[in-house]
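Chemist: Chains as they are written, first to last, in our numbering: chain A, 4 to 418; chain B, 4 to 418.
Hints in this document: simulated from the structure, not taken from any laboratory. Treat the hints loosely; a few may be bogus.
[As the list claims (entries may be wrong)] 27 Å max Cα-Cα, derived DSSO-like pairs, lysine-lysine:
no.: 1; chain 1: B; residue 1: K366; chain 2: A; residue 2: K99
no.: 2; chain 1: B; residue 1: K12; chain 2: A; residue 2: K85
no.: 3; chain 1: B; residue 1: K339; chain 2: A; residue 2: K66
no.: 4; chain 1: A; residue 1: K103; chain 2: B; residue 2: K366
no.: 5; chain 1: B; residue 1: K281; chain 2: A; residue 2: K5
no.: 6; chain 1: B; residue 1: K366; chain 2: A; residue 2: K169
no.: 7; chain 1: B; residue 1: K238; chain 2: B; residue 2: K281
no.: 8; chain 1: A; residue 1: K101; chain 2: B; residue 2: K84
no.: 9; chain 1: A; residue 1: K130; chain 2: B; residue 2: K51
no.: 10; chain 1: A; residue 1: K180; chain 2: A; residue 2: K37
no.: 11; chain 1: B; residue 1: K339; chain 2: A; residue 2: K339
no.: 12; chain 1: A; residue 1: K51; chain 2: B; residue 2: K130
no.: 13; chain 1: B; residue 1: K103; chain 2: A; residue 2: K103
no.: 14; chain 1: A; residue 1: K281; chain 2: B; residue 2: K366
no.: 15; chain 1: B; residue 1: K85; chain 2: B; residue 2: K210
no.: 16; chain 1: B; residue 1: K66; chain 2: A; residue 2: K51
no.: 17; chain 1: A; residue 1: K130; chain 2: B; residue 2: K366
no.: 18; chain 1: A; residue 1: K281; chain 2: B; residue 2: K19
no.: 19; chain 1: A; residue 1: K103; chain 2: B; residue 2: K99
no.: 20; chain 1: B; residue 1: K12; chain 2: A; residue 2: K66
no.: 21; chain 1: A; residue 1: K37; chain 2: B; residue 2: K51
no.: 22; chain 1: A; residue 1: K37; chain 2: B; residue 2: K37
no.: 23; chain 1: A; residue 1: K169; chain 2: B; residue 2: K281
no.: 24; chain 1: A; residue 1: K37; chain 2: B; residue 2: K339
[As the list claims (entries may be wrong)] Selected chain A positions facing chain B (Cβ under 10 Å, derived; list incomplete):
no.: 25; residue: S7
no.: 26; residue: Y36
no.: 27; residue: V42
no.: 28; residue: L77
no.: 29; residue: Y135
no.: 30; residue: A136
no.: 31; residue: S204
no.: 32; residue: G206
no.: 33; residue: K316
no.: 34; residue: L334
[What the hints assert, rightly or not] Using C-beta positions, here's what the derived DEER-type ranges look like:
no.: 35; chain 1: B; residue 1: T123; chain 2: A; residue 2: N395; range: 32 to 38 Å
no.: 36; chain 1: B; residue 1: V365; chain 2: A; residue 2: K413; range: 37 to 43 Å
no.: 37; chain 1: B; residue 1: A363; chain 2: A; residue 2: N104; range: 46 to 52 Å
no.: 38; chain 1: B; residue 1: K12; chain 2: A; residue 2: A17; range: 51 to 57 Å
no.: 39; chain 1: B; residue 1: S409; chain 2: A; residue 2: D87; range: 57 to 63 Å
no.: 40; chain 1: A; residue 1: K12; chain 2: B; residue 2: S409; range: 35 to 41 Å
We put the CB at the ideal spot given by N, CA and C, even for glycine.
Protein chains: 2
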Amino acid sequence: MKQSQLFTKTQKDALKDEVSVNAQLLIRAGFIYKEMAGVYAILPLGLKVINKIANIVRDEMDKTGGVEMQSTALQRQEVWKKTDRWSDDMVDNWFKTKLKNGTELSLAFTHEEPMANMMTNFISSYKDLPIYAYDIRTVFRNEARAKSGIMRGKEFFWKALYSFSKDEAQHNEYYEKAKVAYKNVFDRVGLGEKTFMTFASGGSFSKYSHEFQTISEAGEDIIYIDEEKGIAVNKEVYTDEVLEDLGLNKNTLIEKKAIEVGNIFSLGHKFSEPFNLKYKNEKGESQLVFMGCYGIGISRLMGTIVEEHHDDKGIIWPEAVAPFRIHLLSLNQNEKAQEIYDALTIAGMEVLFDDRDANAGVKFADADLMGMPYQLVVSEKNTRDSQVEIKNRKSGVVEYVSLESSEIVKYFQNK
Amino acid sequence: MKQSQLFTKTQKDALKDEVSVNAQLLIRAGFIYKEMAGVYAILPLGLKVINKIANIVRDEMDKTGGVEMQSTALQRQEVWKKTDRWSDDMVDNWFKTKLKNGTELSLAFTHEEPMANMMTNFISSYKDLPIYAYDIRTVFRNEARAKSGIMRGKEFFWKALYSFSKDEAQHNEYYEKAKVAYKNVFDRVGLGEKTFMTFASGGSFSKYSHEFQTISEAGEDIIYIDEEKGIAVNKEVYTDEVLEDLGLNKNTLIEKKAIEVGNIFSLGHKFSEPFNLKYKNEKGESQLVFMGCYGIGISRLMGTIVEEHHDDKGIIWPEAVAPFRIHLLSLNQNEKAQEIYDALTIAGMEVLFDDRDANAGVKFADADLMGMPYQLVVSEKNTRDSQVEIKNRKSGVVEYVSLESSEIVKYFQNK
């Protein structure tokens, strides 16, 4: 893509109305636009990141047997009253709205109730189970204070998968698969080393739920990590009893701030009971469906990646989620750069071509701020020396490659 | 994909609470689920259709120079008050909601105002123009009566592109490109022959706007078509004066019901003026940006396709938007069918494999209802005769091909 086609602009100066690093950098680099506190439009570069993260999540969910659908944003109160979660006293961050006839509706903040209700249409026999349905969509939460940039928005993208199983055994089998899928997601988006499966409070049907927490100074949670075992405990269940239960020793645990990037819950019959979501088993007996839910904040992940992958010059995108792999900077060499751009794109590589009429200083600063993994510089001096300069944004290492397009393509094919 | 993995089920009987053909068939075939009147969840098969339509739209928008972004669902009243469109008296199908502090917000039904407002951050010079930004997202309209299934929903998918040009000349150039792109979209989704560019009422900056209307008995609009010229006039501007202006003769026009599947508008300075959206021209003079907007209802298109491509047995998807190209029906021949399924999917073909434990009658009826372009039948008799049966859903023509997987792959590669 040519940068001249991109309508966004970078901003040099820090923003006064944003305290979080992620919003500062994403706004300044032109990835998001602040519509109001906690509500951000996703600009073209940001959408590419969101789509890459979403596609990684999709891929891992599909591998577990997940099937994608799209639930609704508008929800009926009758459905939520069945579990006594309609009232604002029960759920404090609802957005509500009204039909023309005055009937109150809600804006989706989650979908356990509508999903359990819908599945009564599709589940009748043990042969229908298990079912793993997921959704990647915008949800809404009426947050009173939104200070963490895109990590805690009033409207944000997330993935939610709901599992419907015959019994606890069938459920547990999937629950373990989900743990692996989640680990894969966080590895692939570049947060693997800093992300720990964390024991958190469960519900009526399981002792614990599991959160996936990424260590970060920007985190709102406190966790206690056993580095050797690679697991952690959320402060909310950090008691002697729990530590003993999990075989953890207080003296080897390290306290850290962390961002909750995902969570998985065993729901048991909590939702199938009120909706009478039942199936006939092999013996013809009516049984309640055993449910689970599995969330990942897609836009929160984008924010977390920025929090953990940046320096004082800007963002440093991990390759798997970078909007473009290569940032091609033409310093008054648009003709030569165009040739290289064509060769790279024909070879299937993702290139952002800075073809703008701007000076070298601006282009270098913008490239560092926007954070593509490689900066490929075509300057007059380089052209004279029959070479291009390739800078790795993360390591800062600079290499020189022959000006021949085919050589440049080969360089990136072998990286 | 294996049908056993799909959690949806078909419904044999007509639904009492749906009057539209599109909702009847899409619900019965398991493509959508009715959450409430005018609000439908998109089930896995439906999501595949929506994504195919959206990708065709994306492709055509990108070719015109469009850049995709994602605007917000929550909108600020200050922005809408600038054009005096905040009040429910001005816009009668608003959904409104409230922040915790009582501030009223709106749910997006369109984005002219927020887009014009946002662009004041990105447009300052003639060098920044033109800009073509588009959005494929859910929007909300508080429809009092929703009787047309997914063709007039309270929440639905649409694409909206907003163009920002220096002046009317630069705008007109794009407007003509957009007409071609729209024609391509409707051709590609299988509605080309029935869709007419239709003159409708303009605004302060242009005599006419242009609608794209698909002839259909399910339509809510009345248009007058000149078949020879391939254009039409909406009833709202069907006057002697307009006909004369367009060089049309009343006697050659045919009255038809039609569905508005897209529209394009010249907005001129209508929105740039209240937002003071200006740029400096080549001479350093401050000028208002000239805007246009271009909408396509993605979910409405899905509904329209069903209205125009079905028979009494069910849906007949055009190949470009079918969730799967091939419906592989195993009649107690799962082993052989699995082999064929593997060969076809390795060859990159989209196959829905009916591996369910159900009788032939059910499988044939479901396949006709669901409407994939080809039904590939593996039965005991066929296997004995070393052949498979391939039925074209649209023409009904049946062909027999050797049971060899490679021969079956070849058959579909050459189709």
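Chemist: Looking back at the hints listed earlier, which ones does the structure fail to meet?
Modeler: 1, 4, 7, 10, 11, 21, 22, 23, 24, 31, 32, 33, 34, 36 and 40
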